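Each chain, letter by letter, is given below.
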Amino acid sequence: MATASAAVRRDWLVGYTMVAPVVLGSLAFVVLPLGMVVWYSLHEWNVLANTFTFVGAENYQRMASDPGLGDALLATVWFSIGLVVVNIALALLLAVLLNQKLPGTTTFRTFFFSPVVVSLVAWTIVWSFLLQADGGINGFLSVLGAEGPNWLRHPTTAMIAVIIVQVFKNVGLNMILFLAALQGVPEELQEAARLDGAGAWRRFRSITLPLISPTILLVSIITIVGSLEVFAQIDVLTGGGPGNSTTVLVYYLYQQAFRFNEFGYASALAVLLFLIVLVLTLLQWQSRKRWVFHEV
Amino acid sequence: MSVHHIRNRRTAGTAAVLGTALALSACAGGTDAPVGEPETPSEPVDLRMTVWTADETQLDLFQSIADAYVAENPELVSSVKFETIPFEDYTTALTTQLAGGNAPDLAWIFESNAPEFVSSGALVDLRPVLEGTEGYAFEDLVPSALTLWEDGDGLYAYPFSNSPFAMFVNTDQIEAAGQPNPVDLVADGGWTFDAARDIAAATAEKSGKQGLVVRDFDYQSWENLATVWSGWKAAPWSADGTQCTFTDPAMVDAMTWFHDAVFTDAAMPAPGTTADFFAGDAAMTITQISRASALDDSFHWDIVPLPEGPAGKQNVVGQAGVGVFAAGEHPDVAADFLAYFTNAENAEQLAAYFPPPRQSLLNGDSLAAANPKLTAEQLEAVVVQGVEDAVTKPAHKNFAKLSETVRAELDALWVEDADVEAVLTDTCAAITPLLED
Numbered sequence: 001m002a003t004a005s006a007a008v009r010r011d012w013l014v015g016y017t018m019v020a021p022v023v024l025g026s027l028a029f030v031v032l033p034l035g036m037v038v039w040y041s042l043h044e045w046n047v048l049a050n051t052f053t054f055v056g057a058e059n060y061q062r063m064a065s066d067p068g069l070g071d072a073l074l075a076t077v078w079f080s081i082g083l084v085v086v087n088i089a090l091a092l093l094l095a096v097l098l099n100q101k102l103p104g105t106t107t108f109r110t111f112f113f114s115p116v117v118v119s120l121v122a123w124t125i126v127w128s129f130l131l132q133a134d135g136g137i138n139g140f141l142s143v144l145g146a147e148g149p150n151w152l153r154h155p156t157t158a159m160i161a162v163i164i165v166q167v168f169k170n171v172g173l174n175m176i177l178f179l180a181a182l183q184g185v186p187e188e189l190q191e192a193a194r195l196d197g198a199g200a201w202r203r204f205r206s207i208t209l210p211l212i213s214p215t216i217l218l219v220s221i222i223t224i225v226g227s228l229e230v231f232a233q234i235d236v237l238t239g240g241g242p243g244n245s246t247t248v249l250v251y252y253l254y255q256q257a258f259r260f261n262e263f264g265y266a267s268a269l270a271v272l273l274f275l276i277v278l279v280l281t282l283l284q285w286q287s288r289k290r291w292v293f294h295e296v
Numbered sequence: 001m002s003v004h005h006i007r008n009r010r011t012a013g014t015a016a017v018l019g020t021a022l023a024l025s026a027c028a029g030g031t032d033a034p035v036g037e038p039e040t041p042s043e044p045v046d047l048r049m050t051v052w053t054a055d056e057t058q059l060d061l062f063q064s065i066a067d068a069y070v071a072e073n074p075e076l077v078s079s080v081k082f083e084t085i086p087f088e089d090y091t092t093a094l095t096t097q098l099a100g101g102n103a104p105d106l107a108w109i110f111e112s113n114a115p116e117f118v119s120s121g122a123l124v125d126l127r128p129v130l131e132g133t134e135g136y137a138f139e140d141l142v143p144s145a146l147t148l149w150e151d152g153d154g155l156y157a158y159p160f161s162n163s164p165f166a167m168f169v170n171t172d173q174i175e176a177a178g179q180p181n182p183v184d185l186v187a188d189g190g191w192t193f194d195a196a197r198d199i200a201a202a203t204a205e206k207s208g209k210q211g212l213v214v215r216d217f218d219y220q221s222w223e224n225l226a227t228v229w230s231g232w233k234a235a236p237w238s239a240d241g242t243q244c245t246f247t248d249p250a251m252v253d254a255m256t257w258f259h260d261a262v263f264t265d266a267a268m269p270a271p272g273t274t275a276d277f278f279a280g281d282a283a284m285t286i287t288q289i290s291r292a293s294a295l296d297d298s299f300h301w302d303i304v305p306l307p308e309g310p311a312g313k314q315n316v317v318g319q320a321g322v323g324v325f326a327a328g329e330h331p332d333v334a335a336d337f338l339a340y341f342t343n344a345e346n347a348e349q350l351a352a353y354f355p356p357p358r359q360s361l362l363n364g365d366s367l368a369a370a371n372p373k374l375t376a377e378q379l380e381a382v383v384v385q386g387v388e389d390a391v392t393k394p395a396h397k398n399f400a401k402l403s404e405t406v407r408a409e410l411d412a413l414w415v416e417d418a419d420v421e422a423v424l425t426d427t428c429a430a431i432t433p434l435l436e437d
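Just so you know, the sequences run in chain order A and B.
Just so we're aligned: 74 in this note's numbering is position 74 of the first sequence, and the numbers increase by one with no gaps anywhere.
Just so we're aligned: 242 in this note's numbering is position 242 of the second sequence, and the numbers increase by one with no gaps anywhere.
Hints may contain errors.
[To be verified] SDA-like, lysine to any residue: derived pairs with alpha carbons at most 20 Å apart:
1. B:LYS401 <-> A:ARG62
2. B:LYS209 <-> A:PHE129
3. B:LYS206 <-> A:ASP134
4. B:LYS209 <-> A:ASP134
5. B:LYS209 <-> A:GLY136
6. B:LYS401 <-> A:ASP71
7. B:LYS401 <-> A:ASP66
8. B:LYS209 <-> A:ALA133
9. B:LYS209 <-> A:GLY139
These are calculated hints, taken from the structure and not from any lab test.
Being a predicted model, the structure only gives us computed values, none of them experimental.
Please build the complete structure, drawing on both the sequences and the hints.
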């Protein structure tokens with residue numbers, strides 16, 4: 001008995017020692033900061049004057065009457081919708097095309113995946129040159145006889161530009177996830193459907209899509225959460241402009257905290273962002289039963 | 001372009017820490033220790049001063065002055081370290097250090113942020129130390145240079161740099177376009193903004209490059225347009241900072257002139273076009289004379305004062321102050337070091353890069369001794385006369401928010417068919433609550 005309990009105790013010790021780094025790390029760098037942000041959000045914190053005053057829910061009440069926040073939320077919605085739709089559609093299309101057994105597909109897969117491993121800021125800076133009024137994209141358009149807009153100086157084209165830059169940066173990752181899922185679709189199911197006379201579109205809709213639906217869920221969650229956290233691209237390409245057209249929620253939060261020294265209000269905005277991400281993720285998780293094949 | 005690059009690289013770091021930075025910052029615990037004659041600390045202290053220059057020769061000069069101070073006061077300090085924070089995110093990084101309870105002992109401060117810092121209580125009053133330091137010659141400081149940094153009787157930073165804005169001219173490009181030399185126009189009294197615009201437009205057309213660049217403006221940092229609208233005696237807000245004056249006729253005229261110079265005359269680079277005068281991309285640029293160090297011998301150049309506007313000639317200086325943080329660990333030692341760093345003897349050395357606020361040093365010969373690229377005549381015309389009755393760029397207690405709000409509103413102005421008056425009316429509507437704040 002004694003040896004058995006010693007063995008249990010050793011197992012217990014080994015187990016907890018193994019998980020200790022990640023548990024302690026999460027506590028120190030995730031849970032504690034989250035709690036502190038909530039605490040800060042209940043204060044008015046003036047860094048220069050070195051004052052830290054409890055104001056209760058004032059920062060949250062301020063959100064209701066802040067027109068800048070409304071604009072930022074609207075910009076966030078447009079950005080997220082644009083990014084999620086274009087990114088997932090393009091990733092799926094590329095994955096289907098590159099899932100064919102044709103020569104050269106590996107090269108194309110590498111080509112589309114390579115931006116994922118490029119430094120985000122380096123990638124965005126290169127695009128900022130391409131998108132200038134006299135930059136590479138308009139140069140290319142002029143060769144075709146078309147006159148391109150001054151992409152980053154008009155509200156609509158600036159938003160489109162930011163979305164496109166972000167899509168090309170990350171579409172490769174989603175493409176690889178979809179490719180892995182597509183390769184897990186059993187060939188015999190396709191074969192059987194083909195014998196039953198199903199066309200390509202019918203097979204894709206009735207066999208492929210349901211079987212890769214868990215991956216679609218995963219990709220949707222990653223992409224939506226990622227779209228809410230976009231920062232560097234906005235800062236490098238547009239600085240939130242023109243006007244406030246590309247000031248998304250995270251950028252607005254950054255301005256409040258680090259430009260305007262409104263650390264208390266920025267903390268309240270961070271809590272809002274946290275809740276938005278949480279609610280969206282829960283909604284997707286709840287809805288999975290309706291459309292994710294494996295969950296049925 | 002390179003400035004933009006640096007900013008971009010900086011933001012990578014900012015982005016990476018954004019999520020946790022807020023949370024990890026701790027409440028700084030400042031002291032209100034009175035500043036006076038420093039008491040000898042139990043052991044020598046280390047001082048840290050944040051600056052935005054990364055120029056090795058400037059940093060070497062600072063370090064040599066600091067090392068001399070350490071040698072003279074071994075019981076007070078063991079080292080003085082100069083920490084470079086890039087220009088573009090300087091104030092942001094500085095306030096983040098303050099938020100994190102990691103205040104530097106001394107820091108350079110932009111003029112635009114001066115009222116905010118001066119009135120906040122973050123800085124200690126330097127007047128007693130500077131006046132009380134033997135041989136400092138406080139009365140030699142030009143009173144008008146100190147105004148921005150005073151609150152009541154207190155002086156909360158020392159304006160170590162008073163660099164006038166001037167026009168650098170690429171005489172090769174202008175000559176090739178058959179345009180009159182601005183130096184001659186200055187002599188004839190014909191050096192006006194209209195003349196500068198016409199020369200810039202004609203030269204740009206001939207060279208295929210850009211005409212006149214208001215350096216560092218880039219359709220973002222609008223406060224740099226003060227070098228233009230001051231010729232119209234225009235200003236963004238009233239002197240007391242409570243009333244928006246963007247809609248005043250002078251400002252409307254100045255902005256209309258600027259808009260037309262860009263979109264009608266093509267005398268200035270359009271939005272989204274970058275051009276570096278010092279790389280030979282433009283015929284003229286308005287910037288501070290301290291940028292002369294960026295010139296090499298790849299083209300012939302000259303320097304002239306800012307042109308006259310419809311309201312006459314208005315000098316504009318860019319100031320920078322250096323202050324001592326109350327939240328630093330050793331404010332009294334830091335203030336004593338500042339008195340040494342900026343005394344008459346060291347100010348003369350620093351004048352190589354930063355025109356000092358000292359009457360005795362503001363003459364062409366003194367400055368020429370420190371500025372090998374410029375002649376005594378050029379310095380007399382541009383610096384000595386340039387600081388007389390000069391205005392500074394806009395500053396306000398609420399500058400951070402004003403800066404961003406005005407930038408967002410003025411974006412509507414930087415399109416070809418903009419309605420200047422309507423945009424400026426919108427700008428006033430947007431910033432009036434901030435001015436009243």
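Verification of the hints:
Taking the CA atoms of LYS401 of chain B and ARG62 of chain A, the gap is near 16 Å; set against the 20 Å cutoff, the hint holds. Distance hint between LYS209 of chain B and PHE129 of chain A is fulfilled; the C-alpha atoms sit about 17 Å from each other, no more than 20 Å. As the CA atoms of LYS206 of chain B and ASP134 of chain A are separated by approximately 19 Å, the hinted pair is consistent with the 20 Å bound. At roughly 12 Å between alpha-carbon atoms, LYS209 of chain B and ASP134 of chain A fall within 20 Å of each other, so this suggested pair holds.
Annotation: proposed proximity of LYS209 of chain B to GLY136 of chain A holds, straight-line Cα distance about 18 Å (limit 20 Å). In summary, the hint linking LYS401 of chain B to ASP71 of chain A is supported, as the alpha carbons are separated by about 16 Å, within the 20 Å threshold. With a C-alpha separation of about 14 Å, the suggested pairing of LYS401 of chain B with ASP66 of chain A holds against the 20 Å cut-off. Taken as a hint, the LYS209 of chain B and ALA133 of chain A pair is honoured in the structure, with Cα atoms around 15 Å apart against an allowance of 20 Å.
Between LYS209 of chain B and GLY139 of chain A the CA atoms are separated by roughly 17 Å; this keeps the pair inside 20 Å, and the hint holds.
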